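Enquirer: The chain contents come next:
2 protein chains.
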Amino acid sequence: MSATDASSTGAPGTPLTTDESLVDQVRFDDRGLVPAVVQDAAGGAVLTVAYMNAESLRRTLETGRTWFWSRSRQEFWCKGETSGDRQYVREVLLDCDGDALVVLVDQHGGGACHTGTWSCFSRTVGSGPGLPRPDPAPESAAGPTGR
Amino acid sequence: MSATDASSTGAPGTPLTTDESLVDQVRFDDRGLVPAVVQDAAGGAVLTVAYMNAESLRRTLETGRTWFWSRSRQEFWCKGETSGDRQYVREVLLDCDGDALVVLVDQHGGGACHTGTWSCFSRTVGSGPGLPRPDPAPESAAGPTGR
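Going down the list, the sequences are from chains B and U.
1 is the number of the first residue of the first sequence in this note's numbering; add one for each residue after it.
1001 is the number of the first residue of the second sequence in this note's numbering; add one for each residue after it.
For reference, chain B alone in the conformation it holds in the complex:
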């Protein structure tokens, strides 16, 4: 990274306040991985799905930036370290059965995808009208995380 890059995009993250009892409840699969759904805290878009092992989850919590495990390259990677498209973490959420994470981030730079789009999910396989609810959703459904 050049000095220019470092000064414009190189702000450090802030370590997260962590519930260690919940860290212990993350269930990694037989490859030692858990899928991490990265969501834009501002706009709500699902940006990418990547994978964390125990060490990359630890690094994420301790640095406040997203660390993943690359299955293809078999190495750790910190999002945006070379591209500048960094992700600063606001929340790490665990699901009911402990085998998936949501990571809410402030996405910096041009977006999350290496193809140059904001989200990696830019291709529409199918679309339809859905079926809007006839009644209001519960109050708990409000907000980007629906909690």
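I should point out that these hints are in silico values taken from the structure, not numbers from a laboratory.
Predicted model only: the values in this text are computed from it and were never measured.
Accuracy of the hints is not assured; some may be wrong.
[Claimed, not checked] Chain U residues, not near chain B, derived (Cβ > 10 Å throughout):
{"#": "1", "residue": "Glu1075"}
{"#": "2", "residue": "Phe1076"}
{"#": "3", "residue": "Cys1113"}
[Claimed, not checked] Cβ pair distances, simulated, as ranges:
{"#": "4", "chain 1": "B", "residue 1": "Phe76", "chain 2": "U", "residue 2": "Pro1129", "range": "22 to 32 Å"}
{"#": "5", "chain 1": "B", "residue 1": "Ser83", "chain 2": "U", "residue 2": "Gly1010", "range": "39 to 49 Å"}
{"#": "6", "chain 1": "U", "residue 1": "Glu1081", "chain 2": "B", "residue 2": "Gly32", "range": "28 to 38 Å"}
{"#": "7", "chain 1": "B", "residue 1": "Val23", "chain 2": "U", "residue 2": "Asp1135", "range": "29 to 39 Å"}
{"#": "8", "chain 1": "U", "residue 1": "Gln1074", "chain 2": "B", "residue 2": "Phe28", "range": "30 to 40 Å"}
{"#": "9", "chain 1": "U", "residue 1": "Thr1082", "chain 2": "B", "residue 2": "Pro134", "range": "17 to 27 Å"}
C-beta: ideal position from N, C-alpha, C; glycine also.
Since the structure of chain B is provided, determine the placement of chain U on it from the hints.
Expert: What follows is chain U alone, placed relative to chain B:
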């Protein structure tokens, strides 16, 4: 399902307009599965992460409701068929490398989680301030899907 349940929550879904060339680009893993991130089209919450095989993706596209493959029970399941907490599909999106889906839905009933919460992601492993962008996000970041 009782007759009462059927009349109040049993509306059929609408088949999706489907891009078959993109269906062919879905890369299922060595178990024949792809992770599907189910997102609330209204509020933007990530509701759950489940898994689809080729047949459950096909059923989802053809029925307009979410069909998954249960890894624990080794069977198909259609979300809400017994609980009434149905998911009516608006969009199925594929990511850049073809190995993850986002499914935007109208969530009916009390929510997506069997524990009674709106989202399955109701436990906070870590939280922090993130780092809000110093500049506006690209226009492409607007909207729940950020496209």
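Enquirer: That 17 to 27 Å hint for Thr1082 of chain U and Pro134 of chain B (C-beta), does it hold up?
Expert: Holds: the Cβ-Cβ distance is about 20 Å, inside 17 to 27 Å.
Enquirer: That 22 to 32 Å hint for Phe76 of chain B and Pro1129 of chain U (C-beta), does it hold up?
Expert: About 24 Å separates the Cβ atoms of Phe76 of chain B and Pro1129 of chain U, which means 22 to 32 Å holds.
Enquirer: If I take the minimum Cβ distance from Cys1113 of chain U to any residue of chain B, is it greater than 10 Å?
Expert: For Cys1113 of chain U, whose nearest Cβ neighbour in chain B is about 5 Å away, the distance does not exceed 10 Å, so it is violated.
Enquirer: Return holds or violated for the Cβ distance of Gln1074 of chain U and Phe28 of chain B against the range 30 to 40 Å.
Expert: Given about 21 Å between the Cβ atoms, the range is violated.
Enquirer: That 29 to 39 Å hint for Val23 of chain B and Asp1135 of chain U (C-beta), does it hold up?
Expert: At roughly 33 Å between Cβ atoms, Asp1135 of chain U and Val23 of chain B fall inside 29 to 39 Å, so the hint holds.
Enquirer: Assuming the hint says 28 to 38 Å, is it satisfied by the Cβ distance from Glu1081 of chain U to Gly32 of chain B or not?
Expert: Cβ of Glu1081 of chain U to Cβ of Gly32 of chain B: about 34 Å, so the range 28 to 38 Å holds.
Enquirer: When you look at the beta carbon of Phe1076 of chain U, is every beta carbon of chain B farther off than 10 Å?
Expert: holds (18 Å)
Enquirer: Against chain B, does Glu1075 of chain U keep a CB gap of more than 10 Å to every residue?
Expert: Holds, because the least Cβ-Cβ distance between Glu1075 of chain U and chain B comes to about 17 Å, which exceeds 10 Å.
Enquirer: For the pair Ser83 of chain B and Gly1010 of chain U, does the Cβ-Cβ distance stay inside 39 to 49 Å?
Expert: Once the Cβ atoms are compared, 48 Å apart, the range 39 to 49 Å for Gly1010 of chain U and Ser83 of chain B holds.
Hints 3 and 8, counting from the list given before, are not met by this structure.
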